[in-house]
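> Here's the letter readout for the chains.
2 protein chains.
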Amino acid sequence: MQDTRVRGTPARGGIDEPGSSPLDPLFHPRSVAVIGASKTEGKIGHSILKNLAASGYKGPIHPVNPKESEILGLECYPSVSAIPGEVGLAVVAVPAKLVLDVVKECGEKKVPSLVVVTAGFKEVGREGLELEKRLTALCEDFGIRMVGPNCLGIMDTHTPMNASFSQGFPHRGDIAFLSQSGALCAAILDWSLERGIGFSKFVSVGNKAVLSELDFIQDAALDGYSKVILGYIEDVKNGEDFVEAVSRASRKKPVVIIKSGTSQAGAQAASSHTGALAGSNLAYDTAFRQAGVIRAETMEELFDYAIAFATQPIPPGPRVGIVTNSGGPGIIATDRVEALGLSMARFQKETLEVLRRTLPPAANIYNPVDVLGDATPELYREAFRHVLGDPGVDAVACLLARPAGIDPAEVARGVVEERERFPAKPVVAAFLGGETMAGANDVFRGNRIPTYEFPERAIVALAGLHRYSELLKEPPPGEGVRFPDVNPDEVKRVFAAVRAERRLVLLGSEAHRVAAAYGINAAPIDLATRVSEAVGAAEELGYPVVLKVASPKIIHKSDVGGVKIGLETPAAVREGFLEILENVHRALPRVPVNGVEVQKMMPGGTEFIVGVSRDLQFGPLVMFGLGGIWVNLLKDVSFRLAKGLSLRETERMLMETKGYTLLRGFRGRPPLDVEAVKETIARVAQLVSDFPEIAEMDINPLVAYESGVAALDVKMTIS
Amino acid sequence: MQDTRVRGTPARGGIDEPGSSPLDPLFHPRSVAVIGASKTEGKIGHSILKNLAASGYKGPIHPVNPKESEILGLECYPSVSAIPGEVGLAVVAVPAKLVLDVVKECGEKKVPSLVVVTAGFKEVGREGLELEKRLTALCEDFGIRMVGPNCLGIMDTHTPMNASFSQGFPHRGDIAFLSQSGALCAAILDWSLERGIGFSKFVSVGNKAVLSELDFIQDAALDGYSKVILGYIEDVKNGEDFVEAVSRASRKKPVVIIKSGTSQAGAQAASSHTGALAGSNLAYDTAFRQAGVIRAETMEELFDYAIAFATQPIPPGPRVGIVTNSGGPGIIATDRVEALGLSMARFQKETLEVLRRTLPPAANIYNPVDVLGDATPELYREAFRHVLGDPGVDAVACLLARPAGIDPAEVARGVVEERERFPAKPVVAAFLGGETMAGANDVFRGNRIPTYEFPERAIVALAGLHRYSELLKEPPPGEGVRFPDVNPDEVKRVFAAVRAERRLVLLGSEAHRVAAAYGINAAPIDLATRVSEAVGAAEELGYPVVLKVASPKIIHKSDVGGVKIGLETPAAVREGFLEILENVHRALPRVPVNGVEVQKMMPGGTEFIVGVSRDLQFGPLVMFGLGGIWVNLLKDVSFRLAKGLSLRETERMLMETKGYTLLRGFRGRPPLDVEAVKETIARVAQLVSDFPEIAEMDINPLVAYESGVAALDVKMTIS
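These protein sequence lines map, in sequence, to chains A and H.
First residue of the first sequence? That's 461 in this note's numbering, and the numbers climb one at a time after it.
First residue of the second sequence? That's 461 in this note's numbering, and the numbers climb one at a time after it.
Next comes chain A alone, as it looks inside the complex:
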């Protein structure tokens, strides 16, 4: 097999070299058994054995099949227990109904790692799910690390080992790839072979009954030869662990993931495909961002990023230089630079001077530098050298089209040689045209410069590198802020009282008590069941007050005449109390009413919302946005996972919304109390993290003043 390993990537020493990841024994086993090995070509048990032998795996290979004595020239054993000596890895390709027995035998033989390719588990329905649960339990009992079931297998090009039934083995390289779809594995393998793209590991994760995407991401972050971690996933197995572990991994190596099932129809399809129960796309987006995952929108983007990360340094900044021999592609690339959050570098005077001296008068010496269509390879090289060397340039995109009478490969060689002088700056290429550019693209690929079919994609790749550089600049996610002045016992008391009444929806007075117990400035509410109680409460709270009907069944209280505001006297309170009960009774005669809530009326101000929703996979998410009617109208909100939320992140939440402009003092209005808003969000996060029974919570409006905030209306539901 051709070794297209790129320069500078050391081959791994071999199966005897100790590793640092708990999965090293899986990827570099001392010996491999293939259980269910077959003599019949086309059978999976045959393909695996053949692949293993063909991949250059250096340890002993033991086929297991009670009916054969030899397969492909290897001695065949009737069972795994019959194999003399240790077995490092067993690949299981027996029918589903035999898998549990085989795994048990492996456990007794102390086989540490398994790959179960057999299908017929969770993905086929309830019976399969039961079988899979027993499989998981068995592996846990024996402490076996298992890949699958229902997968294509695993490959490691550095061991080397192909423990899969794939057709083909990837080139050796720097990209660790994991996929929840075996078919995509196969397609991508084909595709990479054609393009000479190399992989370090290739993992088909299958049903993730034991080992999941998280284990493989952590492993690849630790291994000595993967430079970028690439994944296709349909769901994550454990959302909260995922965020915590991947945010560490993503600081070691870029983690680029395409997550499918983002649309409603797509999620349904994913669920029927693998039985995966995915959280919401919003939660994934939030979680991925917090985990430092670079999310690819399309398969193409995934690979465009991958080859850039595998070969290029992380750029020091966003400033892109472009060298082209024609205007059109230069303009197209320039458009993309701005659209993707990069910026066009401004050259320093010295660069402009030397370019002016070097290039013909009709050339463009400003960025994008256009050396013109008739430029020689030497001239292109010269221009590239000066652009790359300019201290204001962080990365360079090289474009070429219609090279009149010159060899594009020579231009490519010039780029390759010059770029060595500035190894810290990424360089990408898009030489446009088909066969004309094949030679040039070979030169680039052979020299670790990623090359793209269109200029836009070259810039997308630079934008991916830049996103990662921004991520590395951020302080690592911390523990999250925790306020000590909270009173969980008070919250427990309220919840107990609510449950005692067999309710899940809290009354306003209760929700405000819970919020206040966590230091949120919720305007206090007293529940009055009689006129005298209402007046007493108003006297104690101070006028003016607001009266609201108290009933978990009534959502739009104003609509039924259930709200009175700005009551200034005991008489007004008395009158308001009776009027509310009368109105509500007239509008909704059969709805039970708990009484009337009395709340001190707070001054008006700019209204925001702080809300909480709970995701199946990732736990509670907190939301911030413009409040009042604007919430539903504008949907201008930002989200974070509640767990581990830091004050720094709450500031970013504000900044992601248009509400931030209002908070900072918009068009002459005074700035509002940003710190108090941030603290409120953080306290809400702490509350819902401490009490998983809070299913939903909304503060709307949270009114922000020049000094302080007030939560005027808190809604809460427990589960």
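Check each hint, because a few of them may be wrong.
You can't tell identical chains apart in this list, so a pair holds if it fits in one copy or across any two.
Stated by the list, open to error - In silico EDC-like cross-links for lysine to aspartate or glutamate, where the CA-CA straight-line distance does not exceed 20 Å:
no., residue 1, residue 2
1, LYS503, ASP867
2, LYS697, ASP745
3, LYS1095, GLU1116
4, LYS1103, GLU700
5, LYS527, ASP701
6, LYS503, ASP834
7, LYS593, GLU583
8, LYS499, GLU535
9, LYS885, GLU930
10, LYS564, GLU546
11, LYS697, GLU590
12, LYS527, GLU565
13, LYS593, GLU565
14, LYS1017, ASP986
15, LYS1017, GLU877
16, LYS1118, GLU1067
None of these hints come from the bench; they were simulated from the model.
Following the hints, complete the assembly by docking chain H onto the known chain A.
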């Protein structure tokens, strides 16, 4: 040369067949002269002659070069006038300084069409621009249709004729391509040759000194063999003509354009590249949409659309069926369907039943249909037939990955055969994997089924087809509404008075008079220079009134104490008048004040904005959005070209903004007067179309009531 012309495309009869487009003589000339033909290989004048001969052009070819008697076996003439008989087309490749003389000679010889490839005109600066102006004038004098200068030339595969210095000639096909970048032409030609994509025409438009993109779009819309019109442009030559003419062309054939220079840096680069002075990206977006142009965001998208439009019918609706043999790609495609505004088809009962009978139990019979990885070509074909035949399916995407032990080409052949039964439904394919799928992709390409590397791109292509089908459903753009009850003379009087004072910014009282003259309900404003005038005005308008300082120099009037609202009595008006003058004098002692404006105070309501800006290329654009502080905060606005604006389009403007939700009555609020808002927008459009001297205009706020609207503040600047 290989003829990869796809089935069903008739070859054009030849150069003698009359055409229906004014550019037919250009694309099918009876004879061609190459002025500046050269014997030296590598020279442009040599390449053109060689290309012309090699392309199979059937008419006489006449090289012109005073120093040669024969080139490439063709008799060479000293000048174009020395050629016996008519010359249908002259391709000019002489140095820039000789071009005018050559063109003059062509004019005298009555050559109707020219292609000037020579560079050194507008793109090189002021002198070149002068030369180009003289070239244009010369062509106009002689009535010559000229392509260029500074271009690669033109090609027509049906004539056939290659009148360019390109390397290579495209396959014959259905795509008409025009490009403002010669380099892109060359790159795309290479690229298409590699993929077997065919073109009908290939035009490098160059500097567009005479013929522009518009001429070529109109021509391709009329010719008998182009099915889709594709363009790369950096600017359009005449914005208003463009919209009108292309909206007709785009109803005949899809017009797909990538416009570069959309970013600020990109526009600068474009301007330095061709000397193009482009309008704003916003104006292009608006104009393209109104012209029915399908705008491609990237080069890749341009071609993904192109091969779909060239080969597929326009789908009857948005409902997509997906057939796949593996879950992952199916989910990825499903996600895209929803994201791109298509919908997943729901199969009828009969389809589900037959799929259930046909497919194995583990298969997914719901959309996306998953026939599973071990499906035979027959099974795939069966599933495809039923999905395609379902009356609820408008288009089908066929996906394949990891075909275990089967020949993907056989799957492709099955698709090709079945699709013939439903020729009205588009079918696209994405068979994933590299070389493995080469045979299948050949089958698809040979049978007019577009095939894509990734599932996402197949869905992008279907979305493009669907966008076009939506366009065709719209009534054709009409003349636009015109209200008869307008008073242009009043507007002229106001403008004359403003100009007489050497001002360009109108006072509020003036702007309100102009708006009122066009039937816009602008709350009347009187300008008072003395207290008594203010009181008189208030008495006449009716209380309460608002007073505002009148000065074109003061933008934020409230900030300097220049506004008093809710004045109910003559005494309050008197006091307010004096206070305003005092405040303003104190804050801005040197700013001249024209007096104080008295306006009847209108009741509050929901605030909108109607604005006008003028684009260099496309003339005035009207804008609608949420008013007040929300304009700047939310930027939630919609735009249309003022010219020819219909009431139907004003309704769409409303619907494109969040303001529409408010207008329709949001969360229990009463609906507002949508018709009055629409009429106001249309009247503003009429006003600014009638008076090109209006440079800017803003109504902010336009207050909408349950019945009627009021323009509370109208600002206007003339030029």
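> Determine for every hint whether it applies to the structure shown.
Now the hints, each set against the structure:
1. With identical chains, the CA atoms of LYS503 and ASP867 are at most 20 Å apart between copies only, with a shortest distance of 17 Å across copies and 48 Å within one.
2. Proximity of LYS697 to ASP745 under the C-alpha cut-off of 20 Å is restricted to the intra-copy arrangement: shortest distance 16 Å within a copy versus 43 Å between copies.
3. Within a single copy, LYS1095 and GLU1116 get their C-alpha atoms as close as 12 Å, and across copies as close as 15 Å, so both meet the 20 Å cut-off.
4. In this assembly of identical chains, LYS1103 and GLU700 lie within 20 Å of each other by CA distance solely inside one copy; the values are 8 Å within and 56 Å between copies.
5. Within a single copy, LYS527 and ASP701 get their C-alpha atoms no closer than 45 Å, and across copies no closer than 81 Å, so neither meets the 20 Å cut-off.
6. Taking the shortest alpha-carbon separations for LYS503 and ASP834, only the inter-copy value of 12 Å comes in at or below 20 Å, while the best intra-copy value is 57 Å.
7. When the C-alpha separation of LYS593 and GLU583 is checked against a cutoff of 20 Å, the pair qualifies only within one copy, where the shortest distance is 12 Å, while the shortest distance between copies is 71 Å.
8. For the identical chains of this complex, LYS499 and GLU535 are intra-copy neighbours only, at 12 Å inside a copy versus 74 Å across copies, given an alpha-carbon limit of 20 Å.
9. When the C-alpha separation of LYS885 and GLU930 is checked against a cutoff of 20 Å, the pair qualifies only within one copy, where the shortest distance is 15 Å, while the shortest distance between copies is 46 Å.
10. Taking identical chains as interchangeable, the C-alpha atoms of LYS564 and GLU546 lie at most 20 Å apart only when both belong to the same chain, with a minimum of 16 Å there against 92 Å between chains.
11. With identical chains, the CA atoms of LYS697 and GLU590 are at most 20 Å apart within one copy only, with a shortest distance of 17 Å there and 69 Å across copies.
12. Proximity of LYS527 and GLU565 under a CA criterion of 20 Å is satisfied intra-copy only: 18 Å inside one chain copy versus 92 Å between copies.
13. When the C-alpha separation of LYS593 and GLU565 is checked against a cutoff of 20 Å, the pair qualifies only within one copy, where the shortest distance is 18 Å, while the shortest distance between copies is 89 Å.
14. For a Cα distance limit of 20 Å, the shortest separation of LYS1017 from ASP986 inside one copy, 17 Å, qualifies, whereas the shortest one across copies, 46 Å, does not.
15. Proximity of LYS1017 to GLU877 under the C-alpha cut-off of 20 Å is found in neither arrangement, the shortest distances being 74 Å within a copy and 63 Å between copies.
16. Both within a single protomer and between protomers do LYS1118 and GLU1067 lie at most 20 Å apart by alpha-carbon distance, with minima of 12 Å and 19 Å respectively.
In this structure, the earlier hints numbered 5 and 15 are contradicted, and the remaining ones agree with it.
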